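Trainee: Throw the hints in and build the complete structure from the sequences for me.
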Amino acid sequence: MSSVATFHIDHEQLLDADGRPTAALPAFAQDASELLHLYRLMTLCRLFDAKAINLQRTGRLGTYAPCTGHEATHVGVGAAMRPEDALFPVYREYGTQLWRGVTLTEILTYWNGDERGTHFAGPRQDFPWCVPIASQMPQAAGAAMAFKLRGEARCAVAYIGDGGTSQGAFYEALNMAGAHALPVVFIIVNNGWAISVPVAEQTAAQTLAQKAIAAGIPGVQVDGNDVIGVRAVVERALARARSGGGATVVEALTYRLSDHTTADDATRYRPAGELEAAWQREPLLRLRRYLQAQGQWDEAQEADLRADCSAQIEAAVVAYTSLPAPVSDDMFTHLFAHPPAELAQQQATARRYAGSGR
Amino acid sequence: MSSVATFHIDHEQLLDADGRPTAALPAFAQDASELLHLYRLMTLCRLFDAKAINLQRTGRLGTYAPCTGHEATHVGVGAAMRPEDALFPVYREYGTQLWRGVTLTEILTYWNGDERGTHFAGPRQDFPWCVPIASQMPQAAGAAMAFKLRGEARCAVAYIGDGGTSQGAFYEALNMAGAHALPVVFIIVNNGWAISVPVAEQTAAQTLAQKAIAAGIPGVQVDGNDVIGVRAVVERALARARSGGGATVVEALTYRLSDHTTADDATRYRPAGELEAAWQREPLLRLRRYLQAQGQWDEAQEADLRADCSAQIEAAVVAYTSLPAPVSDDMFTHLFAHPPAELAQQQATARRYAGSGR
Amino acid sequence: MAKLTLVEAINQALNWSLTHDPDVVLLGEDIGVNGGVFRATAGLQQRHGKLRVQDTPLAEGLIAGMSIGMAAQGLKPVAEIQFMGFIYPALDQICNHMARMRNRTRGRITLPIVMRMPHGGGIHAPEHHSESLEALLCHHAGLRVLCPSSPAQAYGLLLAAIRDPDPVMFLEPTRLYRLARQEVPDDGVALPLDQCHLLRAGDDVTVVSWGAITHEVLLAAEQLAAEQIQCEVLDLASLSPIDHNSILDSVARTGRLVIVHEAARNCGLGAEIAATVAERGLYSLHAPICRITGYDTVMPYFRLEHDYIPGVARIADGIRSTVRA
Amino acid sequence: MAKLTLVEAINQALNWSLTHDPDVVLLGEDIGVNGGVFRATAGLQQRHGKLRVQDTPLAEGLIAGMSIGMAAQGLKPVAEIQFMGFIYPALDQICNHMARMRNRTRGRITLPIVMRMPHGGGIHAPEHHSESLEALLCHHAGLRVLCPSSPAQAYGLLLAAIRDPDPVMFLEPTRLYRLARQEVPDDGVALPLDQCHLLRAGDDVTVVSWGAITHEVLLAAEQLAAEQIQCEVLDLASLSPIDHNSILDSVARTGRLVIVHEAARNCGLGAEIAATVAERGLYSLHAPICRITGYDTVMPYFRLEHDYIPGVARIADGIRSTVRA
Ligand SMILES: Cc1ncc(C[n+]2csc(CCOP(=O)(O)OP(=O)(O)O)c2C)c(N)n1
Ligand SMILES: Cc1ncc(C[n+]2csc(CCOP(=O)(O)OP(=O)(O)O)c2C)c(N)n1
Ligand SMILES: [Mg+2]
Ligand SMILES: [Mg+2]
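Protein chains in written order, with my numbering: chain L, 1 to 358; chain H, 359 to 716; chain S, 717 to 1041; chain C, 1042 to 1366.
Simulated from the structure, these hints should not be mistaken for laboratory data. Remember, it's a predicted structure, so these values are computed and weren't measured experimentally. Built from N, CA and C at the ideal position, the CB exists for glycine as well. Check before you lean on any hint, since a few could be wrong.
Stated by the list, open to error - In silico DSS-like pairs for lysine-lysine, Cα to Cα no more than 30 Å straight-line:
#, chain 1, residue 1, chain 2, residue 2
1, C, Lys1044, C, Lys1091
2, S, Lys719, S, Lys766
3, C, Lys1044, L, Lys148
4, S, Lys766, H, Lys506
Claimed, not checked - Distance windows between CB atoms, simulated:
#, chain 1, residue 1, chain 2, residue 2, range
5, S, Arg763, L, Arg57, 27 to 35 Å
6, H, Thr679, S, Gly823, 41 to 49 Å
7, L, Ala17, H, Gln564, 33 to 41 Å
8, H, Ala408, C, Arg1219, 53 to 61 Å
9, L, Ala17, H, Leu383, 52 to 60 Å
10, S, Pro881, H, Gln638, 51 to 59 Å
11, S, Pro881, L, Trp279, 49 to 57 Å
12, C, Gln1236, H, Glu672, 38 to 46 Å
Mentor: Given below as structure tokens:
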């Protein structure tokens, strides 16, 4: 037997759990204002999450998928992208979306069962949340193909969870991106769990980044709680993609510090101690420690930031709750550019019975 | 960055294109009668293929998928399996099926559009031909799960083509087999082409064996024109699976020396010279050369074998052509164990109009 | 005897099957420790072990395909698809293989599989969690499709499904999972397949429906009774095959037919029922057939779901007009 | 002007679109150098280049999903599924996304996609190469579904499909690919969408069908004309939405309705047509509606396919009984 191919998977971490740099930091991280920008958005995500969960618990929001624990990954990816790139989210990557212009009000509107939440005023080319797991992946490859065909220096960025890596669509997209050297970066958010199924039951692969090897593209792991590492790794992958180098898979290792959604109860299935241990590695703390150590952050600033975030969130909640209720016509208006004549009758029926359903 | 995982893919070849051993041969290959057994079946496959193509060209058979060029892979896999294992073929792996007891008559019956061809008298647990590409793969994982649950020392063996490795179902099955250490061996027959699409357009992966890395299971390449190598590699993989070691992916490198099917014309898309070059590496020749060099084979034996195969084939053709025609009831009889009452009426209608369709 | 909700009745039927038939194996996403997102399999892994109640990787095509491989080797897989809106990746396995294997192999390979899945809307769930896609499955020969409307039916039909030697799609109305309780003896007695159920007798109009919306239909029938309109309410229960004879018999007496379903109208199951009556029972009809269905729109996000799902008022009006036509 | 077969007319429409609209991109399996297994795309890659006529890896879900991503960024993908029996892996993308994206995003993201696929049997092909699955697609709101029955229709409808801003499923009857030739000017003129076509006028009975089987229907109508039975033959062409008004108008005149399709009967498109007439045209009917369809069995391997597909005799008998009822 002779060896015909060799592969390895690298892991990147720039800031450890204590907020200490483990290597020379990239240029953007030399600029304190850049890091503060990241930290502010991460904090907004964290506080928004708490608010959204509270709204749900008090009957003012539908089922909600929290992002607590993922802020470094989500914000890091957002910061690495350019506005003209296209994002293919799953359902909890608010940090990236907020960076790109989606509003808190839109997020709340969506989770309250209203299509108007998916009509992003900001990043018009970004895809909406994608519930059927992994189906966004081939779509991202398609967008990348469009950019390539048109010779545009734009990239697609697609998210997927650890659970999502078990779906065929995930591999199909990676394989296509490899075969055509498409400008797309796939971000696997390995948060340890797919609802109740731990990643070790999902796959025997020791890393999820190595799934890239099947597609003949590079795969790299990054500490997903290290926003500097995430941004650096994703920036490199995007630069490579933008210059015709093709796709990359980035596995961000993080942890879902919340329930899967507000409809879930993680205490039913998570082993004792795991959650507590994960809180020690959480992303905000380490960045704050680093900023404090650099003399860039103090208690007062923290308090100001929190007050500022809370005000933003409250304003968003007000805007959200004051949206007029959707009407039955909304089911029909956007179905087709040229609606079939037959639909008019149904639309009239719907109007007649609007509000009379249980 | 630190490296967190390393992988390599091995390639096995025991007999080179000139029929010269490239390493010590395994025990079974020390026994000339074993090798002659393999050679005989490979020859039967080759001659059967010619006959089937001829039957199709002369209007006595439907579209047929030839196996010429793949005989070493197909027969090698068959020889490595045990009768109690379960086979999940695609559509052209006759060598494996014949080894296991499927008959030439059944093969012809199938390709002539008749379900009776899929009712194997021999290996009752083997799956029939599977046309929807890659869909056999999760089924094989399921069979392996059944063996595992019941504590049986049996394995599933699933075939897939190079083109089939682009389908999500392929990866889903590999991943599952890894996650549960299932007794299954996946044989990727890399014959260079998926109809008109060459493997280089199918994927950027430099080997197809490395697709196994995505699933955390071993992947190995073998010269698919070397029946000794194929049998050895698959025997090892099966022994591992049978003893609880889990799944393996075997990539057999071979070449489709024929058109995709009799409905295809490969001259439309294959580069000049490729076919001719591939004929230099074909599987029968090298085994014959080896046997001749060992003094185990001569012209007279070859002539006898060919006559014997032709007689078998002619007998099968006679049996096939003398099968009574299927009847319209055949559409209904095996649909359900307990057919819904409503179907009786349709069955009667079908009988009334049987044979009257264009 | 404790009264059970529909989801508890399902749990009881699964437990009974696991206990009495060593070939029964459960598989699906989050059905193990977590007991299923609706708790249908709660406690079963603890009781029957990790091998017989298996969490799978997140891949519906895999779940269906594995079920085929397992069933062909003699097991009786009962697979869960977490929501019916996620059935699509499994359709290749279900339609191209599960439905066909017995026929394809002339009875050599048979597939006693049950695919369970929550069906329908009305529970304020996110997008794709409220779909009614029974027509897709019913269009494929070789499958049976069931949809219970009460805890006792759920228990008896699920047992029947698990015991049937052929694949059965088992649609569980989410709106009913916890709506009402009923005594459901754990006696292992299955209900017959291929039959519809009479929920209410009446002479003025035949109303056919199934699953969750039978409850709105019964409420409408109640209302109409006060107006002297007596509805005969048939619960299909078996969506494929349809018990057409029972429907035709009823229409022969009432002369009027209303079909109510939650799924989209175009090519929904209601069309098949209407078409069959227009073929085999046309001369019984005293009025046009009436379908009251979801609209030919996408199932909306939940704020509008009760404008999509036929409500009691819409159903009552449809029946009223049919009776008065 | 050269007379074209149906598959040549499709090639011509694709070539016209590639030539006149830089946003049009073709993708699929074996559509490039090989020109498609039916030669529908023959010569197009040579003429328009590898970027605009792309061979994809072998994955239908990928093809559909990529089409969505491409369309959302402004391209007009025309994707080929090699045979309709292989549509299943693409259904998640088609039904959960393609059909819904405009609605989901309130018109922000629109998807001008055409999915082309060979439809139906009768060409002695292997298993899974002869399926008629239009009902699956028609049941989903947000999609248009077309099926031409002549070269000129194929050309005009395919151009219309490519120009429509919403996703269109384009079903190509394999039996007709090379059956007959017709003059088809390459003038870039599209046919209107959402309309059925009158193939033959008559007063005694309305016969509705689509795709390949329209030819058997016309042969039957010819035969019956000799018996003084005048059939009005409507070719649906647009399978979703259905042009119900034209059917109802015709039935209002003839009083009788026969529907002929190759797909399985249960929950087939014929049911929708019959149901609609039983609702909106019941009082016109002088006889029971009659559906002549494929059976509720698996499409058999090809030796029996002509026992499955309704033949001229079965169609003529069905029409005859309907007229005499
Ligand atoms: C096709 C499909 N199957 C099942 C589900 C139900 N479901 C929603 S989220 C989820 C787990 C996803 O886990 P992962 O991909 O790790 O993402 P995470 O929620 O951890 O971010 C499941 C099974 C779904 N949405 N889509
Ligand atoms: C799901 C599906 N899509 C498309 C096809 C049509 N088709 C039949 S064989 C084939 C190519 C298969 O290539 P490969 O997997 O390399 O196997 P080979 O024929 O070379 O043995 C295609 C596209 C199919 N059978 N199934
Ligand atoms: Mg996860
Ligand atoms: Mg191949």
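Trainee: Hint by hint, note whether the structure agrees.
Mentor: Hints versus structure:
Proposed proximity of Lys1044 (chain C) and Lys1091 (chain C) is supported: the alpha carbons are some 29 Å apart, at most 30 Å. Of the pairs offered as hints, the one joining Lys719 (chain S) and Lys766 (chain S) holds, with about 29 Å between alpha carbons and a cut-off of 30 Å not exceeded. Taken as a hint, the Lys1044 (chain C) and Lys148 (chain L) pair is broken in the structure, with Cα atoms around 38 Å apart against an allowance of 30 Å. Our distance criterion of 30 Å between C-alpha atoms is met by Lys766 (chain S) and Lys506 (chain H), whose separation comes to about 13 Å.
Checking the proposed 27 to 35 Å range against Arg763 (chain S) and Arg57 (chain L) shows it holds: the Cβ atoms sit about 32 Å from each other. Between Thr679 (chain H) and Gly823 (chain S) the beta carbon distance is about 25 Å. The supplied range of 41 to 49 Å is therefore violated. Separation of Ala17 (chain L) from Gln564 (chain H) is about 37 Å and conforms to the stated range, judged on CB atoms against 33 to 41 Å. Under the hint 53 to 61 Å, the C-beta atoms of Ala408 (chain H) and Arg1219 (chain C), about 29 Å apart, miss the expected range.
Between Ala17 (chain L) and Leu383 (chain H) the beta carbon distance is about 55 Å. The supplied range of 52 to 60 Å therefore holds. For Pro881 (chain S) and Gln638 (chain H), the hinted distance range of 51 to 59 Å is satisfied, since their beta carbons lie about 52 Å from each other. Separation of Pro881 (chain S) from Trp279 (chain L) is about 52 Å and conforms to the stated range, judged on CB atoms against 49 to 57 Å. With their beta carbons about 58 Å apart, Gln1236 (chain C) and Glu672 (chain H) fall outside the hinted range of 38 to 46 Å.
In this structure, the hints that do not hold are numbers 3, 6, 8 and 12, in rising order.
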